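The chain contents come next:
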Amino acid sequence: MPKIALSVNSQPVSHDVEGRLLLVDFIREVLGLTGTHVGCDTSQCGACVVHVNGQPVKSCTLLAVQADGADVTTIEGVSPDQGLNPLQQAFHEKHGLQCGFCTPGMVMTAMALIEDNPDPSDADIRHGLEGNICRCTGYQNIVEAVRTGAKVMRG
Amino acid sequence: MTDVTIGQPVRRSEDERFLTGRGRYIDDINLEGQARAVVLRSVYAHARIKNIDASGALAMEGVLLVVTGEDWIAEGFGPMPTKTAIRKNRDGSELSEPPRHCLAIGRVRYVGEPVALVVAETDPIARDALDLIDVDYESLDAVTDAVEALAPDAPQLWDDIPGNLCIDFELGDREGVEKAFAEADHVITLDLENNRVTAVPIEPRGCVGSYDPETDTYLLYNSTQNVHAIRDTLAENVFGIDKEKIRHIAPDVGGGFGVKNSAYPEPPLVLYAAKKLGRPVKWINNRSESFLSDTHGRGQTSRVQLAIDNDGTFRALRTETVAGIGAYCWTIGPFTPTGGSARTQGGPYDFPVMYYRSRAVFINTGPMDPYRGAGRPEATFQTERIIEYAARQLGLDPIEIRRKNLMRPEKLPHKTSMGLNIDCGDFPKVFERTLKLADPGSFAERAEQIKTAGRRFGFAIAPYLECTGGGPKEFAGVAFGADGTVSLSVGSQSTGMGHETSMAQLLAARLGIPFERVEYHQADTDKTPIGGGHGGSRGMELGGNAVAQAAGEVIEKASGLAAHLLQSKAADLTFEGGSFKDSGSGASVSMVEVIEASFDSERLPDDLEPGCLDTGSTFERGEISIPNGCHAAAVEVDPKTGAILLLGYWVVDDFGTIINPLLADGQVMGGVAQGIGQVLTENIVFDDSGQLITGSLMDYGLPRADGVPDMVIEYYEGAPTKKNPLGVKGAGEAGCVGSLPAVVNAVLDALKEFGVVHIDIPLTSEKVWRAVQDQGAHDPKGLIEGAL
Ligand code: FES
Ligand code: FES
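Those sequence lines, one after another, are chains A and B.
Numbers in my numbering are just positions in the first sequence, counted from 1, shifted up by 211.
Numbers in my numbering are just positions in the second sequence, counted from 1, shifted up by 1213.
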């Protein structure tokens, strides 16, 4: 079994993994970080989005071995010990989540989107979230949450 | 004093855990020593099973158990019966119900049907072992289309059910309709299809089960919407044990929309395996398997006929439907296309007479069960499509004929020919308000600009009326803790709708206590003696009323203690703003103080014990309530490509009393988005041999962020229903009910200059483009003639 060493949420991690193990399963099952979700098996839903070296990535599209040496951040890594970060707070205020299953992936994608484009238009947001499916909210409140979160983060 | 009121947009208590990744969904639950199960599913739509050889799989390292249909029958386990409320054919005879076992017995009848369960040390081992089970099939002819399944020479699914007919149902006044048809100036006919779709909650189904030999009891964690009813089916029908022997818990559930309401085969298989192996067993569906094994919804082919006079007056409505329900009755498969679709025929219009007939038919596909709306979206679609179509055929203004025929508030209460008791509402007011929000005065200019760009503008309005459903009783229990917490356990269930907030809000507001003291519990058969779970927009109507009733009982009990504390008589006390007040002396004591006193032996009278304010209350619904409202949609369509863009969407809903408008908005937005999905891209397709063509998210088109418009949503709160004490009418499904016709009719409005009068959903670009090319050539009797 190959051994991988990487950083997850700023902690060094090393582990023997099966070659076929997906990054998402490594995160969930080996590390027990269950905030990252699995909603599909064809890389369509985005419930599994994490940041790999600062980029939003569907963690079901990578093998764990491909993340060897990488810097991985999951939803747990962007959440304060108490309370919510400004974008999470905006999701809460704007009712941008219902069942919550898509939510960690949405937040991770939206954080990267705001990083890239601190003042996104609604069209930018909708385009940027195209890879994340939400079946509950109809997206409207998510878009509003991202717009609001971006504004707060711009200061 | 409380910090919340009814009607306030209280932000959700559950959000923090979901936003930070601390939600606990089914796949996050792991029991010590658990094994993993996977299901071997049929690859044929119809075949005899000649032999199953599992020796290869059993020889594989790490494989613990293989269970086949023969093993299952040998254990003496029973089938899972349908719980449909509609059971009678038109002639009074009972519907036909084949036995539904958890594994196929001797014959498979749909692709995806469970053939065997494999349990192994890990999920990958179990999946690898699937390939080593050798099933010898003898393929049989399959039929996947309901109209074809009724043909005399169609393949037969069940030897003892002739003609594949499950039920032939009717409701209404057949002769009255015939008479009206003979007298009316016109009878307009349209065959239409409400395509088959599936709910796709983003969390797939799954369960984890264990068995305790010491107590001979099972524990089942399950991503379900209905712990009590499913527990009952497993205990009483499958295993033949007392229902108390199974504790059934749903953790956080990642969406349901009806699909998680059913009694599926996997949970009993998992419990059986857990007992057999003496260790917990976990099963998680993947998405592709979900498409094969989750229930689907809609899927109706109908002939709709409207009798209408020259001046636009509606005289009668008749609908004849044929619906494939899969190979089994499943949980309530025969209900949706029959009673579920019949009741709200005709919507909020004043139809003197109506008739509905529907046949539910067995076909070689996976199961059908409720999907958000469960018949009401279908009924509204039929009603609104025939009205729009008639307007186009007769050159009438579609807005005007709707306005003309809406039931006036003076007419209410009114019982329709479908037996629906419409008690209250103001349909014309809601209609006019929706139109005003949409601002049709601004359309001409917009349409002109869009046309200059080579596209076309379209608009439609769709009033709707629906009804609630689901279990008629609900339980709410309130228990106070010495530390000030208030535990609220409710038998209805949220799978994302936010009951942790809205039910707590309701209790806190009624009792006048701080909102954050309320700890909410749901979906655990040990926590509430009964529970109707989720379904039929029943959350507030049943669960909410149970909470309100329980709050009333707490106040009653507390008033006795308050009287003791104030040294007054309970009869002299009034309860307002969270305080009991003696009208004579003016002295008062707050509910919070009374609760504190209930744990203080110094202040408690001798005949009361700590916990004396606790209560458990069962609310029973008298009659289902009638949510109603109006949707309007504006679209632009590119006739050269068939592409559709939604420009605007407006909704005015009458849900009676609104407990939390923020959460109500969320329900409407999500429901509308699901309706838009069905109209534009979602579609379940089988090929002729019964293979599912749309078996993954690559092939099944869910709406994405750039395909759903912003919506303007308002509520009409002028007509709270008297059918229940809270005056609520149910909000969960209405978004799906109004959106199908609003969007379709808007698209057809955009295409009117091309003569396009009808396209069956989904309105894919290809279909739209073809309809434009064909200049609207269309056979209004092209779908169902052969089956009438
Ligand atoms: S689980 Fe990764 S995209 Fe769906
Ligand atoms: S909140 Fe349920 S899928 Fe997005």
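Don't read these hints as lab results, they were simulated from the structure.
Some clues are possibly wrong.
Claimed, not checked - Here are the computed lysine to any residue pairs in the SDA-like style, where the Cα-Cα straight-line distance is at most 25 angstroms:
(1) K1853(B) to H338(A)
(2) K1642(B) to R1621(B)
(3) K214(A) to D1336(B)
(4) K1263(B) to T1335(B)
(5) K214(A) to T1335(B)
(6) K1489(B) to G1275(B)
(7) K362(A) to P1922(B)
(8) K362(A) to E1229(B)
(9) K214(A) to K1489(B)
What the hints assert, rightly or not - Computed list of chain B residues with no C-beta within reach of chain A, every gap over 10 angstroms:
(10) F1290
(11) G1694
(12) G1948
Predicted model only: the values in this text are computed from it and were never measured.
For glycine and all other residues, C-beta sits at the position ideal for the given N, C-alpha and C.
Evaluated hints:
no.: 1; hint: K1853(B) to H338(A); verdict: 24 angstroms, holds
no.: 2; hint: K1642(B) to R1621(B); verdict: 9 angstroms, holds
no.: 3; hint: K214(A) to D1336(B); verdict: 21 angstroms, holds
no.: 4; hint: K1263(B) to T1335(B); verdict: 29 angstroms, violated
no.: 5; hint: K214(A) to T1335(B); verdict: 20 angstroms, holds
no.: 6; hint: K1489(B) to G1275(B); verdict: 16 angstroms, holds
no.: 7; hint: K362(A) to P1922(B); verdict: 22 angstroms, holds
no.: 8; hint: K362(A) to E1229(B); verdict: 20 angstroms, holds
no.: 9; hint: K214(A) to K1489(B); verdict: 37 angstroms, violated
no.: 10; hint: F1290; verdict: 31 angstroms, holds
no.: 11; hint: G1694; verdict: 23 angstroms, holds
no.: 12; hint: G1948; verdict: 8 angstroms, violated
Going through the hint list in order, the structure does not satisfy hints 4, 9, 12.
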